[in-house]
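Let the hints inform the model, and build the full structure from the sequences given.
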Amino acid sequence: YRSRFQTKPAKQSFIVGHLPDEPGSYGLIIGPDGVRKSWLALYIAIAVAGGQPVAEGPTGYNLWSAPSQGRVVYITSEDSAAVMHRRVWNIAQMLGYEFVESLDEYLDILPTYSGLTLLSTEKDGSIAQTSEFKELVEYARGSRLIIIDPLADVFDLDENGNREGRA
114 YRSRFQTKPA KQSFIVGHLP DEPGSYGLII GPDGVRKSWL ALYIAIAVAG
164 GQPVAEGPTG YNLWSAPSQG RVVYITSEDS AAVMHRRVWN IAQMLGYEFV
214 ESLDEYLDIL PTYSGLTLLS TEKDGSIAQT SEFKELVEYA RGSRLIIIDP
264 LADVFDLDEN GNREGRA
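The letter at position 39 of the sequence shown is residue 152 when you use my numbering, and the numbering goes up by one with no holes.
In short, the hints are calculated from the structure, not lab data.
Among the hints, a few may not be true.
Straight line, CA to CA, 20 Å or less: simulated EDC-like cross-link-like pairs of lysine to aspartate or glutamate [claimed, not checked]:
1. K247 <-> D221
2. K150 <-> D266
3. K236 <-> D269
4. K150 <-> E251
5. K247 <-> D266
6. K150 <-> E191
7. K150 <-> E169
8. K124 <-> E135
9. K236 <-> D221
10. K121 <-> D134
11. K247 <-> E235
12. K247 <-> D262
13. K247 <-> E211
14. K150 <-> D262
15. K150 <-> D217
16. K150 <-> E135
Simulated restraints on C-beta separations [what the hints assert, rightly or not]:
17. M207 <-> P180: 19 to 25 Å
18. R199 <-> G173: 50 to 56 Å
19. D237 <-> P180: 25 to 31 Å
20. G209 <-> S116: 44 to 50 Å
21. G255 <-> V196: 43 to 49 Å
22. Y252 <-> V196: 19 to 25 Å
23. G140 <-> G164: 17 to 23 Å
Ideal Cβ placement from N, Cα and C applies to all residues, glycine included.
Here it is in structure tokens:
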């Protein structure tokens with residue numbers, strides 16, 4: 114560790130806000146039902162995919178800047194493809210969001226309608242990755258950001274179990 118005190122570290126970069134741009138980093142959007150967490154997640158996805166500020170308004174004010182463009186995989190288990198199409202369409206109609214029309218190669222929206230299970234509980238009580246988890250890892254490899262909305266819907270775990278809730 115001695116060299117770590119003698120060498121200046123690289124400047125910290127962020128995907129968006131204060132979410133570190135490092136493999137394995139994660140963040141959560143937490144709030145009560147109905148406060149538009151999914152809309153915020155979609156704005157973040159669009160911003161990162163387009164390399165644009167998050168939720169920039171006509172006055173130029175925004176929540177966060179997106180430092181650099183990258184592929185985003187957005188998995189939603191609550192909303193259908195039609196609902197997500199309407200949401201993206203509505204955002205694209207806003208002043209300053211014309212770039213949304215060119216995000217096909219950077220933004221993958223995957224509606225699963227709760228049909229996706231990434232982790233499950235084995236008979237012995239251990240937690241295991243599913244084949245869907247492994248497929249998702251391969252599909253999303255190289256992505257700058259993966260959004261799972263809502264996270265609880267993709268785990269076949271006892272949400273009241275202390276050990277499983279921390280997985």
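Evaluated hints:
no. : hint                      : result
1   : K247 <-> D221             : 17 Å, holds
2   : K150 <-> D266             : 15 Å, holds
3   : K236 <-> D269             : 12 Å, holds
4   : K150 <-> E251             : 27 Å, violated
5   : K247 <-> D266             : 17 Å, holds
6   : K150 <-> E191             : 12 Å, holds
7   : K150 <-> E169             : 17 Å, holds
8   : K124 <-> E135             : 12 Å, holds
9   : K236 <-> D221             : 34 Å, violated
10  : K121 <-> D134             : 18 Å, holds
11  : K247 <-> E235             : 17 Å, holds
12  : K247 <-> D262             : 18 Å, holds
13  : K247 <-> E211             : 35 Å, violated
14  : K150 <-> D262             : 9 Å, holds
15  : K150 <-> D217             : 23 Å, violated
16  : K150 <-> E135             : 23 Å, violated
17  : M207 <-> P180: 19 to 25 Å : 22 Å, holds
18  : R199 <-> G173: 50 to 56 Å : 27 Å, violated
19  : D237 <-> P180: 25 to 31 Å : 44 Å, violated
20  : G209 <-> S116: 44 to 50 Å : 46 Å, holds
21  : G255 <-> V196: 43 to 49 Å : 27 Å, violated
22  : Y252 <-> V196: 19 to 25 Å : 22 Å, holds
23  : G140 <-> G164: 17 to 23 Å : 19 Å, holds
The structure fails hints 4, 9, 13, 15, 16, 18, 19, 21 (numbered hints given earlier, in ascending order).
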